[in-house]
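Protein chains: 2
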Amino acid sequence: MARESTPADVSPAIRLAEAVCAVIADHGLERASIREVASEAGVSIGAVQHHFRTKDDMLVFVFEHIVRATTDRVRQVPLGQSIAQNLSLVLRELLPLDATRQREARVYVAFAARAATSPRLAAVQAETLAQITGQLAEVIERAGSQGKPVSTFLLSARDEAALLLAVADGLMFDAITCPDNLDPGRLTTLLDAYLTRLLGGF
Amino acid sequence: MARESTPADVSPAIRLAEAVCAVIADHGLERASIREVASEAGVSIGAVQHHFRTKDDMLVFVFEHIVRATTDRVRQVPLGQSIAQNLSLVLRELLPLDATRQREARVYVAFAARAATSPRLAAVQAETLAQITGQLAEVIERAGSQGKPVSTFLLSARDEAALLLAVADGLMFDAITCPDNLDPGRLTTLLDAYLTRLLGGF
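For the protein sequence lines, the chains are A and B, in the order given.
Residue numbering for the first sequence follows our numbering, starting at 1 and increasing by one per position.
Residue numbering for the second sequence follows our numbering, starting at 1 and increasing by one per position.
It should be emphasised that the hints constitute simulated quantities derived from the structure, not laboratory data.
Heads up, the beta-carbon is just placed ideally off N, CA and C, and yes, glycines get one too.
A couple of the hints might just be wrong.
Said to hold, decoys possible - Derived Cβ-Cβ restraints for the label pairs, each shown as a range:
1) 75/A with 123/B: 36 to 44 Å
2) 73/A with 76/B: 43 to 51 Å
3) 201/A with 56/B: 42 to 50 Å
4) 188/A with 57/B: 32 to 40 Å
5) 98/B with 200/A: 48 to 56 Å
6) 98/B with 179/A: 27 to 35 Å
7) 79/B with 183/A: 31 to 39 Å
8) 22/B with 80/A: 45 to 53 Å
9) 201/B with 142/A: 36 to 44 Å
10) 200/A with 55/B: 32 to 40 Å
11) 100/B with 57/A: 32 to 40 Å
Given these sequences and hints, build the entire structure.
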C-alpha cells in the first residue's frame, strides 16, 4: 500500500492505459501486449484481462484515452485576443512542444498508423478528425465577424479547417518521426507563419 | 518456372521487399515477420534469411526501397509551366491519389511511426526528410526569379520548404489514417489552395 504512487481515485483502467502509453512511447505499439503492460503496471496478467478482454479492446480504450487527454487540454487553453492567437494556442496542444505532448504525439502517431489496418481504431481516428475539424471550422467561420471576411478564404470553412489540421498534423508527424529536424521553436514559427498567411496577421 | 510472374531481372531482394510491403499495407508493420514474408513471397524462411540476417535488417532495406520508389517517381514527373504547377505535380506523388500511392503511403506511415522507437529507421527518415526539404527549398529559391520575390515569403526558403512538406505529409497522414475524410479530389484541392496562398497563384 505504501508503494502506491498514483492517487487512489484514478480508475484502475486509466492507470493501465497510462502503462500502455508508456510501453508504446518507449518501444512502439507492437510491444504493447497484455503481458508487457502487466509488467509495466506491476500487476498480474489476469488483472489486465479483468479490464480488457482482448488486446484489441485494450488498444481501442487507450486510443480513446489519449485523444481525450488532448481534447481536455485543448478545452483548458486560456483564449487570447484574436482568432489567429486562439488557433495558435489550440493547435500548439497538438504539437510535440514538451515531454508530455511528445509522448502523446508518439502514441497518437502509432495508433493512427495502426488505424490503416484496424477498423476499430479507424473509427476512433475518424471521430477524432471530424471533431477537431468541426471545431476549427467554427472558429474560421467566426473570423468573418472579426475583420477577415470569410469570402476572402480560398476554400469553404470546412476545407480551410481540414487544411489547417493537416498543417498541424504534418508538423507533428515530421517532428515525431525525425525529432532533430523540427525543434519546438521551429514548430511554433512554422505554425504561426501559416496562420499569418491564412488570416492576414495576428 | 512457368509460374514465375515477376521479371527474372528483378533482384530477389527487391521481390522480397515488395512482399514485405504487401504484408504491411494489408496487415500492419507488426505482422511483417520473416515467417510471414516468406509465406507471402512463396519462398522458404531460409531464403528470406539469406537476404536479411534479422527482421531489423529487412525493415531498413524495405524502408529505403519504398522511399526510393517514391523519389524515382518524383524524378519522372513531367514539369509544367510555373513553379506552383511543378510543386503541385511533385507533391501529388506523395499523396495517396491512386492505389499505388495509397499502398506506398500506408507503408511509409507505418515505417515513420516505427522510426520514433527505432534508431536505424529514424536515420532513413531523417535522410528522406532532409533530401525532400532540400529539393523543395531549391524550387522555392528559384521562385524569386519567376515573379514571386523571395523577400515576400514569411520564412527562409528552408523553413518554407519544411512547412510545405508538412502540409503534404499532414494531408497524406490524415488521408491514410481516415480514408473517407479526404478523397483524392479533396486532397489536390487543399494542396493547390496552399500553393496558391504561398505563391500568389498558379
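Taking the hints in turn, this is what the structure says about them:
| no. | hint | verdict |
| --- | --- | --- |
| 1 | 75/A with 123/B: 36 to 44 Å | holds, 38 Å |
| 2 | 73/A with 76/B: 43 to 51 Å | holds, 45 Å |
| 3 | 201/A with 56/B: 42 to 50 Å | holds, 49 Å |
| 4 | 188/A with 57/B: 32 to 40 Å | holds, 38 Å |
| 5 | 98/B with 200/A: 48 to 56 Å | violated, 36 Å |
| 6 | 98/B with 179/A: 27 to 35 Å | holds, 32 Å |
| 7 | 79/B with 183/A: 31 to 39 Å | holds, 34 Å |
| 8 | 22/B with 80/A: 45 to 53 Å | holds, 49 Å |
| 9 | 201/B with 142/A: 36 to 44 Å | violated, 28 Å |
| 10 | 200/A with 55/B: 32 to 40 Å | violated, 51 Å |
| 11 | 100/B with 57/A: 32 to 40 Å | holds, 34 Å |
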